[in-house]
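*Asks:* In order, the protein sequences belong to chains R and G. Take the first sequence: its position 240, counting from 1, is numbered 240 in the numbering used here, and each next residue is one higher. Take the second sequence: its position 85, counting from 1, is numbered 742 in the numbering used here, and each next residue is one higher.
Just so you know, the hints here were simulated from the structure itself, not pulled from any lab data. All figures in this text were calculated on a predicted structure; none of them were measured in a lab. Beta carbons are placed, not taken as given, at the ideal position from N, Cα and C, and that holds for glycine. Heads up, a few of these hints could be off.
As the list claims (entries may be wrong) - Not everything, but these chain G residues come out facing chain R in the computed CB check (under 8 Å):
| hint | residue |
| --- | --- |
| 1 | D726 |
| 2 | E801 |
| 3 | G804 |
| 4 | T808 |
| 5 | N811 |
| 6 | T820 |
| 7 | G822 |
| 8 | D826 |
| 9 | A846 |
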Amino acid sequence: MLFFASLILAANAKGWSKILGMKWVMKYPAGWRLPLKSHITNGMEWLVEEASFGLFTFKEFTRGIAYLLELPLDFATAIFSTGFRSGLGNEAVQVLPPISWIAVIIIVFAIGHFARAMKLTPAKMSLAIFAMLCFLYLAVFGQWESSMITLSSIVIAVPMGVIGGVLIGTCGYRWPKFEKAISPLLDLMQTMPIFAYLVPILFLFGFGPVAAMIATVIYAMPPMVRITIMALKNVPSEIVDFGYMAGCTRRQLMWKVLVPSAAPGLMVGVNQVIMLSLNMVIIASMIGAGGLGYDVLTSLRRLDIGGGLEAGVAIVVLAIALDRLSQAFAEQNDMALVHHHAQKPFLKRHQWSLISGAAILFFGIGGYVVDAFQIYPESWEVTTASFWEASVKYLNVNFYDQFEALKTALLTTFMIPVKRFLLGLPWPWVCVMLALIGWQLGGWRLSLLCVVLSLFIVVTGQWQKAMITVYLCSISVVIAGLIGVPLGILAAEKPTANRIIQGAIDTLQTLPSFVYLIPVVMLFRVGDFAAMIAVVLYALAPAVRYTIHGLRQIDPSLIEAGIVSGCTKRQLLWKVKLPIAVPEILLGMNQTVMLAISMLVITALVGTRDLGQEVYIALTKADTGRGLIAGLSIAFIAIIADRLINAGAKKLRQRHH
Amino acid sequence: MKMGHGIRKATFGLAGLAMCIGASASAWANSSDPIKLTLHDWTGQLLTTKIMGEVLKKGGFNVEYVQADYIAQFAGLQSGDLHVAMEIWETTGREAMDKAVGTGKVENLGSTGMQAIEEWWYPSYMEERCPGLPNWEALNDCAEEFGTAETLPNGRYLGAPVTWGGFDDERVEALELDYEVVHAGTDAALFAELESAYQREAPILLWVYSPHWATFKFQGDWIQFPEYSAECYNDPSVGVNPDLAYDCGKPTGPIWKVAWSGVKDKWPGAHSAIESFDMNNDEMSALIVKADLNGEDIDDVVQGWITENKDVWKEWLK
């Protein structure tokens, strides 16, 4: 009902708003805007220039932090890529070389072996070999140097994110009020586009790898905090009681009992931090991190599609190797490990550490004699760049017309009407609608939240751009759902399909979107359609994953009941499985929405005119206020969507039980 | 198009100030601290910067390269975190540069000798289909030729990222061109479309700039608009259209070298060497082609130039 009212309203909005003399309902008047933008920019200026703690200024304080953080980063860079040097700039002399590539590969093998040491299956060695092959790829495809720069920042950023996350998380666990206070902050950190806060970070922490690392940590830490709180809450109360009975102090209880028992849960968080940090590699390289992200950017600027893809795949490979290793540690059972090793003699117990140490020494010294020990020889490098270039060219020359036809059809029948509809809605109407839906699904609190957040977007004068954002996202989410849910069903029903689909999804999620953005532009031209494809590719994963999960977790007795009552396979799927899995699928769609929104800033790079573009413009103009306001608007859209969908899923679930 | 206030007034690094006072005591005592040159993400700039850097190294200076964003770097240049930016284009960076120079903390070290050209551009195979080119008046006759499903009956012109300015929307209106301006989000997207169209010999009309590899890889020509003048941009009555401004082509202009104003006192020798840096478009384009189209490593290209042009750069260091 309400939907149809909106439809009629939108179709004639221009007309009736003119008749009634109420143009303001369509376009929020500039005079009513709150000058928040300039307040923030001025506030930032004050922080950078004048704010002072008495003895030192705020800027000196942040620069001091940057200096402290630079120390471990420099150390890691020295180990992996530059070697230890004395002196500055080009006067520097190398004192010690970086670890040889062969030694790194051996160490990775050793870690892989160690992580799986407990599993006495035939597949015991598979992880070690897999991780080793991943790193070998980096060497063979000529990505070694850049990868080591990236790796050294990851090696520092990840522990920072993890330790910070665990500390904040334990505080949140101990003081529920603190948890309540940080919860909205975490929402913002997760939904605000990174571009929006890059400028203030640059002002406060200076240029270079440290600023990039801080941005990475801000982006990657929130899941760790959340998972820490959750993992601590999930520790069985018996264990806590036991801790008390054993006479633990509060501190002992926390660090000796709670945190260790929550460890497997915490490892999931570590894994998230690793993946998110690697997601940031491209953006970090824009503000001076160098490494693989920089290679991707420069290759694509030369339209070297193959080169960009190889560097991009190197990021994927690094991500997957680190992910599998950390997962293996998560699955490990500490107690068993202690037992397993305790009876063995020293040499046997530490054989892999010893081998690694020996490898570092041997190849380090050997590097002075044989160059190939230190640096992977250039003549051994392989590249497939020209193949990719040729494939894109082939597609472009032979199939462009078909692509064009598909694009035109989708644009005229689906995308443009939706865009017109959304842009035709008067803003007060949308606010009222959101309030109503919020009230229906989650009561007055949710309703209030929706209204306040959407009004923020209105009064800061972002309405038009916000609606384009909503349009791009909703279109992409619908299409991602139409592709993702069937793929998920297929994967849940057929194990072989599952393996292929999972691999494809993993790759799509860690492959920097830049890598496929440029070929997409070549095939579909700049515009909404290219942006939509990029968003769909990135946001597909959760739709598939949650569908698989939803279908797999169905109580087998229910399925049996279906079979017994004579369902065909098709009936079983449509009448039994899918209805039960709906809440899970909805949650998956919720994640899809979140990812789609987080992709918007990237799509600004192919010329969309939404809030993402606003953030991007603010970044290139170094305008703190403009960027933060647009960033907050994006975050608020995400939060509204998240709360509404979650409330909806909850309602559905209640109906089932 | 307003710059953030923060960037304009970013504070002056106190330590840097103290050092440069110390250094200026003896005029030619060049500091042995590294001079930080900024690198951006296009090949021409990398070449210019690395050539300058290598020459400075030959002159005994300590040089460090820092990756920084083209516009955001001005904050660093003002505070003395960064020292030298080798390519600020008149066409895209003027505004930010003027603001920074206005603070007195950043200094314009003159032109690099290269001229930035930015204009509408088309591939030569379009001359057959649209015989009046490169004259701008022919554009309206072939608007449909340049059109796509989304823009018909208008033609489609692919403009630069909105952040680059350029006044193309205004130009289309003032010259009454039957074209729709579509903005690419980045320069990579811009040239991706060109490459795609060129492979298929399909119609395309877009913003191209030079020095850039594209004008070497692809055959084509600039549209000839009525010549640019400052009055044409500022005064509606001047030009073809008596009621609107921007009824002419885009300005061309020098590519500037910019430095933190402390450089002069801290490394006087480097300061004069950077001031003397001079190269023309053809020379630079040849180097860009080597790097981008022939796939040579940028550092090799730079070393090649250094060995071949000893006389040139020795002159700069005097």
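*Asks:* Compare the structure with each hint and give your call.
*Replies:* Hint-by-hint comparison with the structure:
no. : hint : verdict
1   : D726 : 6 Å, holds
2   : E801 : 16 Å, violated
3   : G804 : 12 Å, violated
4   : T808 : 10 Å, violated
5   : N811 : 15 Å, violated
6   : T820 : 4 Å, holds
7   : G822 : 11 Å, violated
8   : D826 : 12 Å, violated
9   : A846 : 5 Å, holds
Hint violations for this structure: numbers 2, 3, 4, 5, 7, 8, all remaining hints satisfied.
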